[in-house]
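Using the sequences and the hints given, assemble the complete structure.
Chains as they are written, first to last, in this note's numbering: chain A, 1 to 441; chain B, 442 to 841.
Warning: the hint list may mix true and false statements.
Said to hold, decoys possible - EDC-like cross-link-like pairs, simulated, lysine to aspartate or glutamate; straight-line CA separation at most 20 Å:
{"no.": "1", "chain 1": "A", "residue 1": "372", "chain 2": "B", "residue 2": "573"}
{"no.": "2", "chain 1": "A", "residue 1": "372", "chain 2": "B", "residue 2": "562"}
{"no.": "3", "chain 1": "B", "residue 1": "686", "chain 2": "B", "residue 2": "734"}
{"no.": "4", "chain 1": "A", "residue 1": "372", "chain 2": "B", "residue 2": "559"}
In case anyone wonders, no lab produced these hints; they're calculated from the structure.
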Amino acid sequence: MCHGCAMSQRGLHAMNRFGLGRRGGEPLPGDAQSWLAAQLEGADPALALAARDTAEGLVAWREDLRRGNDGVQASRAIMQEDTATLLDHAATTDRPFRERLVWFWANHFTVSLRRGAVVPVANAYLREAIRPHVTGRFADMLGAVLRHPAMIQYLDNTQSAGPDSPAALRGTGAAQGARMGLNENLARECLELHTVSPAAGYSQADVGQMALVLTGWSVALQRDPPGALFRPGIHQPGIKTVLGQALPAGPEGLATAVAFLARHPATHRHLAAKLVRHFVADEPPEPAVAHVAAVLRETDGDLAAAARAVVGLAQAWEPLAKLRSPFDFVVAVVRAMDLPAEARPRMREAMATLGQPVMNAPLPNGWPDTAKDWASPEAVMRRVDWAWAVAARGAGLEPAAVADRALGPLLGEATRGEMMRAGSHREALALLFAGPEFQRR
Amino acid sequence: MHLPTRRTTLLGLAGAVMAGPASLALAAAPTGQRLVVVILRGALDGLSAVVPYGDGALAGLRGALVPPEPGREGGLLDLGGFFGLHPALAGVHAMFQAGEAMVVHAVAGSWRNRSHFEAQDWMEFGAEQRLDSGWLNRVAGALAAGARPAKGADLALAVGSLMPVLLRGPAPVGNWLPPSFSVPAGDFYTRVAALHGADAVTGPAVAAGLRERGFAGATLGREPGVEGRAAERFGFPALAAAAAKLLAAADGPRLAALELGGWDTHANQADRLAGPLRQLDAGLVALRDGLGEAWRRTAVLVMTEFGRTVRVNGTRGTDHGTGTVAFVLGGRVAGGRVRGDWPGLAPGQLFEARDLAPTTDLRGIAKGMLAAHLGLAPEVLAQVFPGSAAALPMAGLLRA
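Take a look at the structure:
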């Protein structure tokens, strides 16, 4: 292969593997690794987009609750509008690696629209708890997540009260005191999913202690503006111990726990394995995981350094080794077609139909990240169906040119040949998007 | 003792339909018997589904979470004087009274970790380790081993877009979902399938997808429920009805996996549990009704990854626990009974002072069904559930 071809293949690979697919004819990076590294510098451009913050979302939720049963209208409107903004950003951003990292971390710290109270604040959560820290320190992201109303409400921490808290001991306001008590949902998922993982060998006692640390971290819905709040009245007094680490009473307990858990070697390994699985291979090679974990340890959890380490892995440059998730697939098709905003397909609906509704994971462990999770027969058939449907929007496009721009030398002869023999432009474009290469990144 | 009455053709049918919290997967096998496994993801509170209202310790532990006793308005549906079904399970109650539904109480798998994700994996792999297949896929493989494959056909169908671990593995399994896009004409799909032929991941998926759609389209008639809201088209009762129709067909799949979520009731449990229970109830009734004549050759296992804490937590919900219930339903089931050794709820009787103590191993129930209903031999059961020698197949699940 000629030198220029190799260069263009490497650039296209970087756009697919680490980005969201090439947008139309956007310039190919001369040096793929520099192009990726540059995206980690500076503030996230998506923070400049218009969107509602958590307080505005909670006001809407409060109004919806007041109106009663059918009253999720205001919350849902906020979610729909801000999600549309977000997906338009994914379809057009010139920092797609940055965006992929945002979605990776948002999935790591999953909140889901399946819980009504998450609906009005899910987008604000991304802006406030995830985006500011994607190139910062993991401890800061963890701290922001655990104190954010979206997570507090999603994992039921709002009313979790210590058994020896002032409110529980008063116990007199019977309806209040007697009924308030501990909820260990957030504590368990924090240990299992967000930080150390079961590999750390924590016990039920550790989960219970972590739940006590988290008592009091709540949401003040009736305050103006509404938002997250630490309620000393339901916080469990006294020192707690999680994985042998003593944690003081009060709000400092969570700060100490976050610092301890974020720095734990088991957390570094857990995060490294997930990053490598997401960006490199379904079965993360052990040396790659060890390398990224070491970078996390040496940099005290610098997520930009971890991202650079993943890009630097030789195994990350094997083309088309990963299957695209439905989210990635839909965005990549839209970018390849590069249609004006009004001509784009409805991305949120498409993602739902293909099995990955936005911010709507079934469980707190988020969306899966391997080919076998996304390649069931019906799931792949639905991509084929959608490829046919969306190709109808490409009337003005030259299919061969779209293929060359999006995949270039990565497109196999078989697919190229079928496109040449297609009976219509629509069919040729549908074959490109339904073909095997486009399912991969 | 049961021998398969006839062999059905081996279809390339396995798959999974998922929308919202519900999904369905099916597999063909050379037997006239049908086996349906319903996975309740998120940990069903067994003490709310099948309430031991006769246990004197219950009221003190559960308080407002306990519905009124049988006979009172909105009260429990009695199962013989000690246990009562949640009022949302009226259809199951009718099956219980007809002798076609059995409850096993104080059930748990071998795991004690209280993690949804690990526990669901172990429940579906059939062992506390990651195997290359789920246990129902191994059942499909075992049933096919002695059979001569029909031409061009695979072995299994799921209805849904995600394939549950339970059915993953080497025995071919596909899936099916009600169609929702305009369909291209001509040989478009054939050409796409050819392009994917060399891809080890998407190649088999496209091939299986095409076969399943052909079968499902022919069996279900016109595109089912193209009109109607997504929740109705894809909801658990609708998927159960579709599964029943596919399973009932002479040349249809014989194994199915359905799943339903919404059970992780950490807060406001009384309000949040009724909806999923009603869905489950309607789905089980739809299965029975849709199977028609084939219901008497059908066994259904309803299982969840673990139970929930005996005490109410601080937010009127319950946290992750251990012992829970399982349901066994079907035309041949020796129903009308609540089985299992009741461990009691008094102080000292709880597991780790917080959970319903498990007295029946979930694997023993599954093994009992596979032995009695599908005629699997002990050495096959040992492969389906490796390392489960201590969990003896439960006897007496089916009527003689």
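query = Are the Cα positions of residue 372(A) and residue 562(B) separated by 20 Å at most?
reply = holds (15 Å)
ask   = Is the Cα-Cα distance between residue 686(B) and residue 734(B) 20 Å or less?
value = holds (11 Å)
query = Under the criterion that the straight-line Cα-Cα distance not exceed 20 Å, is the pair residue 372(A), residue 573(B) satisfied?
reply = holds (12 Å)
ask   = Is the hinted pair residue 372(A) and residue 559(B) satisfied, with a Cα-Cα distance of at most 20 Å?
value = holds (18 Å)
Every hint from the earlier list agrees with this structure, and none is contradicted.
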